[in-house]
Structure formats: structure tokens, C-alpha cells
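A.B. asks: Sequence:
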Amino acid sequence: MEKSKVRVRFAPSPTGPLHMGGVRTALYNYLFAKQNGGTFILRIEDTDSTRFVPGAEDYIIEALKWCGINPDEGLDKDGHIVQSSDNNNPYGPYRQSLRKDIYKKYADKLIENGHAYYAFDSSEDLNRRREEAEAHKYTFTYNYITRKELNNSLTLSPDKTKELLETTTNWTIRFKNPEDKMIKMHDIIRGDIEMNSNTLDDKVLWKRNDELPTYHLANIVDDHLMKISHVIRGEEWLPSLPLHYMLYDAFGWTDSQPEFAHLSLLLKPTGKGKLSKRDGDKMGFPIFPLEWKAPTGEISHGYREDGYFPEAFVNIIALLGWNPGTEQEIFSLKELIDVFSLERVVKAGARFNPEKAHWFNQEYLRMKDDKTLAKEFMEMLKVKPFDNSTNEDGAKDLINNSRINDLEYITKAISLNKDRATFVKDFYNLTDFFFYAPIEYSAKTVKKFWKNEIPSHIEEIKDVIKNIETFDVETVSKTIHDYIETHEWPFGKVMNSLRLALVGASKGPDMVEILVLLGKDESIMRIERALANIKPRQTLPQS
RNA sequence: GGUGGGUUCGUCUAACGGUUAGGACUCAAGAUUUUCAUUCUUGCAAUAGGAGUUCGAUUCUCCUACCCACUACCA
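For the record, in the first sequence the residue sitting at position 21 is 1123 according to my numbering, with numbers rising by one throughout.
If you're looking for bench data, these hints aren't it; they were derived computationally from the structure.
Note that the coordinates shown come from a computational prediction; the quantities given were computed from them, not determined experimentally.
The beta carbon of each residue, even a glycine, is placed where N, CA and C say it ideally should be.
Check before you lean on any hint, since a few could be wrong.
[To be verified] Straight-line Cα separation of at most 20 Å, DMTMM-like style, residue types lysine to aspartate or glutamate; simulated pairs:
| # | residue 1 | residue 2 |
| --- | --- | --- |
| 1 | Lys1595 | Glu1555 |
| 2 | Lys1564 | Glu1576 |
| 3 | Lys1595 | Glu1561 |
[As the list claims (entries may be wrong)] The following label-pair restraints were derived from C-beta to C-beta distances:
| # | residue 1 | residue 2 | range |
| --- | --- | --- | --- |
| 4 | Val1575 | Lys1449 | 51 to 57 Å |
| 5 | Glu1431 | Lys1250 | 55 to 61 Å |
| 6 | Glu1164 | Ser1579 | 35 to 41 Å |
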């Protein structure tokens, strides 16, 4: 006997960009599917005709792609993908707007078996009742009590009902909640949950005006038709779980009802509430995987554009609300598939920590080989070249343009600075002196080192360098060290002054490494330039 | 207001009912170092509060507090 196949779905509605929390839900679905040899489905829930946002769906697809969370099945017209025996696919289409015709007959079925009824109350009527109730400090709900005095097929005569169905177009089909029934539910993450049906309201299932179902109907019908085995979704759905249980029951589908797992929400890093799309990037870090250009023209930061590696981003969100129970923190997508488990998802909401996110990216950067990073950096340089304007470190002068296109050279420059970087873009500041010679020098460093007899020492070192035949790290290092040692010069001061001459500031990796990578000629040229341009600060003789 | 969910260092989290409550990030100190980093070592720092069950409670039960979600012809 084959165990029923794992089929899970990620079902976003295209009302805006996907934020981190959404990506995490997709990721957990994906991991669960892959771990169980199952199918990960992307379904677009676009039953709200009024909230469609252009570009949102493309954004969702691209964001998942960037993360490496590839659907096995889903979409099209014309988001593509599909699959699961393509031609005779029994599950599609995957866009709810394309499934419009399916839902009505299921709503009708519920009317027939007495689990639903027609409601003719206008939204204005209902809103008025809500306001009235609010004024009296209680909440109006369309439920087992109030439905007895409202405009629906339960209170109206069959003839009147028939007439209204034919002559009006703003009626809905509502679910008829049973009275005083304890609904026992189970959640993989939270365990057993009970709720009394009396606390529920009679949700609208289908709307005549746009002939579309609401979330609840569409969701249950599609999950059933698509043979979804596990529903992994956000905690905001927990309150409607009893309704969903009852819908499965009303349709007679309890035997094939999926299991549920409700994920806790991602919280704002500061203040209150869940992380929301509205937050934008006001808090100093992105909440979206990709940059998002709203139809209004407003632009929100994205992790991708801010320089995060997709593997790092996936790792970060995977560990936000889940942990393997070991002390391992770095996981590839492949490893996550192996060790992920819904049982270890934490119940409490998680707050995102930007500092830790930096750390993750740094870890991933270090794992990448130098050439890969160099190629990525070269691509960035094509779009945004080095900035040679004056800054606190002094001014720079581009002296060897050919090196900007030299992959080997850039690779070496990067390898020397790798453990100083968090993002690839950090190499702009970290390696600029390998491409630009200083023409002005950090005043602070000049003041600190460039004084007394130092310039004359540097002059001598220049000649020493000039005479080194084999210009490699070992030889240069030994030669300079020996020279400084035999003359009993202050080692640190000389080296830092040499650094000032070559780099223009007090930064960069090992001095000898810099000399060797720059090359003998370039190094000598920079030293000469420094000797000519830096004004020595003589310390006053002690009186 | 009602219903449901949640609560361990600042943050993410670990801990068969028995641990000096562990790890990571951040921060601080020290060591190394030719700068800045890196690296290494050490440190700071938590079971929301109160009852109960138990020989023993972070863990189980109840109450309180606080937080979150839901309470739409939105998902």
C-alpha cells in the first residue's frame, strides 16, 4: 500500500510583494514537500477582484526563484510551470480566477444539504448594524442568533427567496454554523485545539455580484481537488480553522482532509505587531526579498539588491522560528530539506535580528571561493565603477585601468580582504587602493606616523625594494624585516608609514601582500609620490 | 469587548519533571598583530507574576499580567 503522497501548496494572493514571512511560509512548505518526496504547488489566490496589484504575481514568482524555492506544479495563464503530467493535468488551473466556474456548484451543494443559505442583506445594512453594535460596545456577528432576524433564505419564504435570487445580484451564500458544537481540531505545531461553534460567524462563501468565492470556499475546494495533504500556513488562519473543519465535514470530505500546521508570525523588530508590508524599509533593513517598485512609484529595499546572497537569506528565514535541535546554524537548502521538521517549529512569534543577518551573509561570503566573488564584484563594477572622489582617507587617482578588468588581479585583491567583508559591495572600500593610487593622504595618519626621521627611512626602504630581484611575499617580507631590524628602526612606525604611502590611509591587509600585489614598479612610484607630496611634521625639539 | 494562540538572556533559541538553565548574534575586556579587520580567550545577560501537583517544576494544572492574531461580500 502506497502512503498517500505529500502534496503541499503555497497560495499567496497577488495583492502586493511577498515579504519575509511569506517567503518563510513558502520555504517551509517546500522543505516539507521535498523531504517527503512530495509535490510543492504554487497556487494564486486571486479571488478578490478589488485588490489586484499589477506586478505582484511576477514579483512572487521571481522572489521564489531567487531563493531557489521552485514549484513542481502550479500557475499558468501565463505564469507557466504547470506540470504533474501536464497535458492531462487533473489539478489545474492554479489561478483561482481561472477556476471561477468550479466553485458555484460546490456552494450549491452546501445549500442543498442544508449547510449553507442565501443571504440578501446589503453590505450597507450590515455595516450599519456593525456600527450600531460598536456604539453599544459589542460586536455584531452574522451568526446562529442574528441570522434569524436578517434577510436570508432561512427567514424568507421559498417564493420570496426565489424571486430575489432571480431579480437581484448582490446576494451571497453563507455557511450555516451548527449551534453549540464543540469542534475538535488538531494542529501539527500546536497540538489539539477546541472551539465552540457559537463563537463563529456565518462566513460568506460565495458572492453573486462578482460570481467569485471567498477565501474559505475556494481554499477548501481547491485543496480537496488538488489533493493537498498538508496545509502549512500563517497563524492568522488559525481562527478560521474550525470553519474549514466544518466545511470538510459538510462536503463529506473528512476522510481526505489535510493535516494543518499554523506558523507563528514574524514580528516587527521594534514596537508592536506583525511584520507587515506597510512597514517598508523604515527600520533600516529590508522586509522584502527583492526590491519592490509599487505602482505608486514608491520603492522598497530588497535583500537581493542590498547584497545578500540568496543562500544566506534562505538560511536566515529558515532559522526564524525553527531550529534543528543541534547547534548547527549554517544550512544549505539541501541540508534544510534533510533536517527540517514541522514539530520543531516554535510556537511563539519571532522577531527578526538585522545584526545576525549580517553575520549570516558574512559566513556565506567566506565560504565562497575568491574567483566567484571576484566575478560578482566585476559585474558590480560594470554597473557602478569605483568612486575616486575625496573622502576622509584622502583622494585617489586611477592609475592602472587595465587592472579593473583583470580577473586574476581582482581575485587576489579580494582574497586579501575577504575576512573584512560582509557583502560583495564592501570590496569597493576594501580594495580601492589596489586600483587607485593615493594623491592625498589621511591627515590623521600623517600626523601620527609621518614625522622625524621616518621619511628618510621610507626613502631607504624604497631603494631596498628597488633592489629586490624576486618580488614575492617571502622574499620581500624577509628583506624588509631584516633591513628594519638591522637598523633598529621602530618597526610599526616604518610599516605604517609605508602603508600610508602606498594606500593613503591606515587600512588594508598585510603590508607585504600589498607591495607584492601592486608590483614593484607601482609600489616605487607610489612611494616616490608620497615622499614628494606628504609634508613631514617635525616634532619640536624639547627645550 | 469576544474567541483563539503565545510568553527562557536585548534578539534568535536549547534543555525525557532532576543541568552550575546551554548555544548563536550583539556588546565589553584581554591576547595576537605593521593599520583596520580577522582569529583566540574571558565576561555581561533570561525561565513574566502568583498559587497548586510533585521528593523535585523552565517543563504539568489553574489564576493574573502582558503580547499577538482573528472578529469583512480581504486574503
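A.B. asks: Would you mind marking each hint as holding or not holding in the structure?
C.D. replies: How the hints compare with the structure:
no.: 1; hint: Lys1595 to Glu1555; verdict: holds (11 Å)
no.: 2; hint: Lys1564 to Glu1576; verdict: holds (17 Å)
no.: 3; hint: Lys1595 to Glu1561; verdict: holds (14 Å)
no.: 4; hint: Val1575 to Lys1449: 51 to 57 Å; verdict: holds (55 Å)
no.: 5; hint: Glu1431 to Lys1250: 55 to 61 Å; verdict: holds (57 Å)
no.: 6; hint: Glu1164 to Ser1579: 35 to 41 Å; verdict: violated (49 Å)
Hint check: a violation occurs at hint 6 only; the rest are consistent with the structure.
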